[in-house]
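Colleague: Below, each chain spelled out in residue letters.
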Amino acid sequence: MELSQHWRLKQQRYSLVGEICPYCEGKIFPPRDICPDCGNEAKTTFQFNGKGEIYSFTTVRQAPAGHEENAPYTLALVRLEEGPMVAAQLTDLDDQAVEIGMPVEMVTRKLRSEGERGLLIYGYKFRPILKAA
Amino acid sequence: MQENKILRPIRKVGIVGYGAYIPRYRLPAREVARVWKADTSGEPSGEKAVAGLDEDVITMSIEAARNALARAMIDPAKIRAVWVGSESHPSAVKPTSTVVAEAIGAVPNTQAADWEFACKAGTEAMQAAIGFVGSGMAAYALSIGMDTAQGRPGDALEYTAGAGGAAYLLGPAEESLAIIEASYSFTTDTPDFFRRANEKYPEHGERFTGEPAYFKHISAAAQELMRATETKPEDYTYAVFHQPNDKFPKRVASSLGFKPDQIEAGLLVPWIGNTYAGSALVGLTAVLDVAEPGDKILLVSYGSGAGSDAFTIQTTEELIKRRKQAPSTQEYIQRRTEIDYATYSRYRGKLSMK
Amino acid sequence: MSKKMNSTREIIILGVGMTPLGEHWDLSIRELALEAISAARAEAPQVRPEAFYVANMLAPALSRQSQLGALLADFVGLRGIEAMTVEAAGASGGAALRQAYLALKSGMIQSVLVVGAEKVTDRVGSEVDAALATMTDTDYEAIQGITPTAQAALLMRRYLHEYHAPQDALAGFSLNAHANGASNPLAMFQKAIRPEQYSKAPMVSDPINMFDASPIVDGAAAILLACRDTIPANHDHPLVKIAASAMSSTAVALHDQPDPLVISSAVSSVQKAFEQAKLSLEDIDLFELHDSFSIMAALSLEAAGFASKGEGWKLAADGAIALDGKIPICTFGGSKARGEAGGATGVMQVVEVVRQLQALAGKNQVSNAKIGMAQCLGGIGATAVTHILTHFKDH
Chain A
65 MELSQHWRLK QQRYSLVGEI CPYCEGKIFP PRDICPDCGN EAKTTFQFNG
115 KGEIYSFTTV RQAPAGHEEN APYTLALVRL EEGPMVAAQL TDLDDQAVEI
165 GMPVEMVTRK LRSEGERGLL IYGYKFRPIL KAA
Chain B
905 MQENKILRPI RKVGIVGYGA YIPRYRLPAR EVARVWKADT SGEPSGEKAV
955 AGLDEDVITM SIEAARNALA RAMIDPAKIR AVWVGSESHP SAVKPTSTVV
1005 AEAIGAVPNT QAADWEFACK AGTEAMQAAI GFVGSGMAAY ALSIGMDTAQ
1055 GRPGDALEYT AGAGGAAYLL GPAEESLAII EASYSFTTDT PDFFRRANEK
1105 YPEHGERFTG EPAYFKHISA AAQELMRATE TKPEDYTYAV FHQPNDKFPK
1155 RVASSLGFKP DQIEAGLLVP WIGNTYAGSA LVGLTAVLDV AEPGDKILLV
1205 SYGSGAGSDA FTIQTTEELI KRRKQAPSTQ EYIQRRTEID YATYSRYRGK
1255 LSMK
Chain C
169 MSKKMNSTRE IIILGVGMTP LGEHWDLSIR ELALEAISAA RAEAPQVRPE
219 AFYVANMLAP ALSRQSQLGA LLADFVGLRG IEAMTVEAAG ASGGAALRQA
269 YLALKSGMIQ SVLVVGAEKV TDRVGSEVDA ALATMTDTDY EAIQGITPTA
319 QAALLMRRYL HEYHAPQDAL AGFSLNAHAN GASNPLAMFQ KAIRPEQYSK
369 APMVSDPINM FDASPIVDGA AAILLACRDT IPANHDHPLV KIAASAMSST
419 AVALHDQPDP LVISSAVSSV QKAFEQAKLS LEDIDLFELH DSFSIMAALS
469 LEAAGFASKG EGWKLAADGA IALDGKIPIC TFGGSKARGE AGGATGVMQV
519 VEVVRQLQAL AGKNQVSNAK IGMAQCLGGI GATAVTHILT HFKDH
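Sequences listed follow chains A, B and C, in order.
Numbering-wise, the first sequence is residues 65 to 197 according to the numbering used here.
Numbering-wise, the second sequence is residues 905 to 1258 according to the numbering used here.
Numbering-wise, the third sequence is residues 169 to 563 according to the numbering used here.
Please keep in mind that the hints were generated in silico from the structure rather than gathered at the bench.
Where is the CB? At the ideal position from N, CA and C, for every residue including glycine.
Watch out, some of these pointers could steer you wrong.
Cut-off 30 Å, straight-line C-alpha distance, at most; resulting in silico cross-link-like pairs (DSSO-like, lysine-lysine) [claimed, not checked]:
(1) C:LYS446 with C:LYS477
(2) A:LYS174 with B:LYS998
(3) A:LYS115 with B:LYS1228
(4) A:LYS91 with C:LYS273
(5) A:LYS195 with B:LYS1136
(6) B:LYS1136 with B:LYS916
(7) C:LYS359 with C:LYS561
(8) A:LYS174 with B:LYS1228
(9) B:LYS998 with A:LYS91
(10) B:LYS1228 with A:LYS195
(11) B:LYS1104 with B:LYS998
(12) B:LYS982 with A:LYS107
(13) A:LYS195 with B:LYS916
(14) B:LYS1200 with A:LYS115
(15) A:LYS74 with B:LYS982
(16) B:LYS982 with A:LYS195
(17) A:LYS91 with B:LYS1104
(18) C:LYS409 with C:LYS531
(19) A:LYS74 with B:LYS1104
(20) B:LYS982 with A:LYS115
(21) B:LYS1104 with A:LYS174
(22) B:LYS1120 with A:LYS74
Anything over 12 Å on all C-beta distances counts as not near chain B; from chain A, calculated [what the hints assert, rightly or not]:
(23) GLN69
(24) ILE98
(25) THR108
(26) ALA135
(27) GLU145
(28) ASP159
(29) ALA161
(30) VAL162
(31) PRO167
(32) LEU175
(33) GLY187
(34) ARG191
(35) PRO192
(36) LYS195
Cβ-Cβ distance ranges computed for the label pairs, FRET-style [as the list claims (entries may be wrong)]:
(37) A:ILE164 with B:GLU1115: 51 to 61 Å
(38) C:ARG232 with B:LYS1104: 46 to 56 Å
(39) B:PRO1012 with C:GLY275: 50 to 60 Å
(40) A:LEU67 with C:ARG232: 36 to 46 Å
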């Protein structure tokens, strides 16, 4: 089991908690403690709003071990509204056509399980925006 | 003065935010009937909501909780309890509630627990939250009823056992979009339906289901609450009863003196099935989505084993502007993808990959 | 070309060897390495290397074997030698050669043996994909089910979108690779393909089809290098020298690239290589780039400067990359047709450049090849290693 490897990432995985650079105000995800833009220390946590748009996408048919039960699944690079890009699965797609530029929102879903007895790992995925009333 | 059976907190408590969640997949009852070559004349019509491959009570609770928070517009760090009632907690040991609490930012200064009482685990958590907030111990407490309900393949339950539920953030009445005026719980030992530890599917004893289980408990709970609060069915704009199927809630409503138009808004079973611990609670979100300020709502759950929790709720002016902050129950219902039995089997883990 | 001799130590390639690529069910990684090493050492039997660097990425995951340096050194008869594994995913081969180059340049070592060896086919299916996925960012990519193929697919879709390129824009890379592989006896695929075959190929990870993705198989290649002073008096093979060796890195994750369509590590390593060799684009007679996926070929051509941004695919479309084209690439079939052998690929590329410069490339010969460039990439380019090779005529 890889408990600690997943446990220490829970905040970012469950709810897109990243960082903001106190110097250049760049938003950082995944958190890395050093601003990739200006190189200064950036440890202030920042909650991303989970909205973004699709930069690119593909469907994985031949899944790596641990992901077979979900295959085929659609992966995307999502440009978050605040700037950074994240790689994530798209979910709740059904037969909806995916397009570059399509707006998506973050949801927390099961990423995988470590077998029947192992830990369930949850994290961010994105889906087409479910419009509020 | 009569002995006080009614549960009323010291300070008034209300619903500060609410949120529904219903997964997008639908399995029509006719599809279940087709596979089991059932006589469709007497079978339930309608369909049930089915969770996707990457969904479970944890992920569904997180989304419902986020919807509740969006309507409550409060800092999640102020939440002092995250309670999830379900028959389908993903792990037997390892709380659903801790994951939900972490995901919504309610940790670490919070109580967290999973509740179990068949289909009323969610309202049970809500009643406890009333106590938590109403006693002054906490400003806010989150209670959730959510299920990915189990039904043995081919069993009558398979036609209706659905997925969905709702989250309620309770807080001070003055901040609320609906005030919970009183509640009442009615409980007996009645073995109508149960699932032993480590069993995948529940058993219904083919005894008791209607009487003395569902009808007796719901009626007793509703009648005592109305008696104690000096209300009559016609005082309520809406009533929501636990809805294991289309018939039971209609029949219990009628016997209590409620008219069809009082239960229509909250009767979701034809579209999403019986969402077990989520059933009555997601009926209430559908009502809150359409109610006017000042409307009175009677909510009565039922959990096998058996018991009913009854609540009398009155909406406030806050409801109108807050409810637009998150997707409505109907929006989730309309987000619909029909699946066949094979896909359903896959999504529900009934296909063995190993 | 006359280059002034200076005091810097020149690094000469004395011998090269390479196995066929494919599913070698009967050979272990040791035997594959031995075959390549024996061939390389046979070209300069007098030289016993002083150091041994193994390029490999998958042995720990797929063969449950680390410490390949010592393991293979012992097996090939070099017990006692200074030995280690160099890992930089698909750039391991170039990285190992770079370490050899640095060791020789340091003056502390006079000769080095580099072997790139990979044994992939002892495992199948999702296990191999999971092992390959370790070259992505495990915490932020692999956890989402991303594989190197998916990364390339994300790049290719964006590329076609952003540059308004037709769906089959990259077909030429696959056609060229297969055409060249057809006459390479070591290649995995020795058959040319037709454009219709490309356009009808099943999708692997859309828009990447079967002919956009290289086959990941077993194979090994070896290079024996020495300082100029160590060249045996009676050496009878045409000598090739390493004119430049440069390595750069960038973020591993695709989402961390400022512009995913620019392989910044490749841009920088090529620039450094040109500066070292005092050469420019026009001097390059052939370019063994890393076409793990056809999109990577297009992006590599752009990163090196052979095409401007978004125009790389046009070089494939107009024949510029053919053996007789302006900038021949993948002259022995590249990863697509020769076969992709993970950490060994970078060594194979250099072996192929050497054969071209020695005019020993047979039907694959680029006429009058004097200067060749090889570049391997780790994953989608987190690591890029560029080497420039030229003729060496000294004695």
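Colleague: Compare the structure with each hint and give your call.
Modeller: Verification of the hints:
{"no.": "1", "hint": "C:LYS446 with C:LYS477", "result": "holds (24 Å)"}
{"no.": "2", "hint": "A:LYS174 with B:LYS998", "result": "holds (15 Å)"}
{"no.": "3", "hint": "A:LYS115 with B:LYS1228", "result": "holds (18 Å)"}
{"no.": "4", "hint": "A:LYS91 with C:LYS273", "result": "violated (43 Å)"}
{"no.": "5", "hint": "A:LYS195 with B:LYS1136", "result": "violated (38 Å)"}
{"no.": "6", "hint": "B:LYS1136 with B:LYS916", "result": "holds (22 Å)"}
{"no.": "7", "hint": "C:LYS359 with C:LYS561", "result": "violated (36 Å)"}
{"no.": "8", "hint": "A:LYS174 with B:LYS1228", "result": "holds (28 Å)"}
{"no.": "9", "hint": "B:LYS998 with A:LYS91", "result": "violated (34 Å)"}
{"no.": "10", "hint": "B:LYS1228 with A:LYS195", "result": "holds (10 Å)"}
{"no.": "11", "hint": "B:LYS1104 with B:LYS998", "result": "holds (18 Å)"}
{"no.": "12", "hint": "B:LYS982 with A:LYS107", "result": "holds (23 Å)"}
{"no.": "13", "hint": "A:LYS195 with B:LYS916", "result": "violated (33 Å)"}
{"no.": "14", "hint": "B:LYS1200 with A:LYS115", "result": "violated (37 Å)"}
{"no.": "15", "hint": "A:LYS74 with B:LYS982", "result": "holds (20 Å)"}
{"no.": "16", "hint": "B:LYS982 with A:LYS195", "result": "holds (27 Å)"}
{"no.": "17", "hint": "A:LYS91 with B:LYS1104", "result": "violated (45 Å)"}
{"no.": "18", "hint": "C:LYS409 with C:LYS531", "result": "holds (23 Å)"}
{"no.": "19", "hint": "A:LYS74 with B:LYS1104", "result": "holds (29 Å)"}
{"no.": "20", "hint": "B:LYS982 with A:LYS115", "result": "holds (25 Å)"}
{"no.": "21", "hint": "B:LYS1104 with A:LYS174", "result": "holds (20 Å)"}
{"no.": "22", "hint": "B:LYS1120 with A:LYS74", "result": "violated (45 Å)"}
{"no.": "23", "hint": "GLN69", "result": "holds (16 Å)"}
{"no.": "24", "hint": "ILE98", "result": "holds (25 Å)"}
{"no.": "25", "hint": "THR108", "result": "holds (16 Å)"}
{"no.": "26", "hint": "ALA135", "result": "violated (10 Å)"}
{"no.": "27", "hint": "GLU145", "result": "holds (16 Å)"}
{"no.": "28", "hint": "ASP159", "result": "violated (8 Å)"}
{"no.": "29", "hint": "ALA161", "result": "holds (14 Å)"}
{"no.": "30", "hint": "VAL162", "result": "holds (15 Å)"}
{"no.": "31", "hint": "PRO167", "result": "holds (15 Å)"}
{"no.": "32", "hint": "LEU175", "result": "violated (8 Å)"}
{"no.": "33", "hint": "GLY187", "result": "violated (10 Å)"}
{"no.": "34", "hint": "ARG191", "result": "violated (9 Å)"}
{"no.": "35", "hint": "PRO192", "result": "violated (9 Å)"}
{"no.": "36", "hint": "LYS195", "result": "violated (7 Å)"}
{"no.": "37", "hint": "A:ILE164 with B:GLU1115: 51 to 61 Å", "result": "holds (59 Å)"}
{"no.": "38", "hint": "C:ARG232 with B:LYS1104: 46 to 56 Å", "result": "violated (36 Å)"}
{"no.": "39", "hint": "B:PRO1012 with C:GLY275: 50 to 60 Å", "result": "holds (59 Å)"}
{"no.": "40", "hint": "A:LEU67 with C:ARG232: 36 to 46 Å", "result": "violated (23 Å)"}
When each numbered hint is compared with the structure, violations occur for hints 4, 5, 7, 9, 13, 14, 17, 22, 26, 28, 32, 33, 34, 35, 36, 38, 40.
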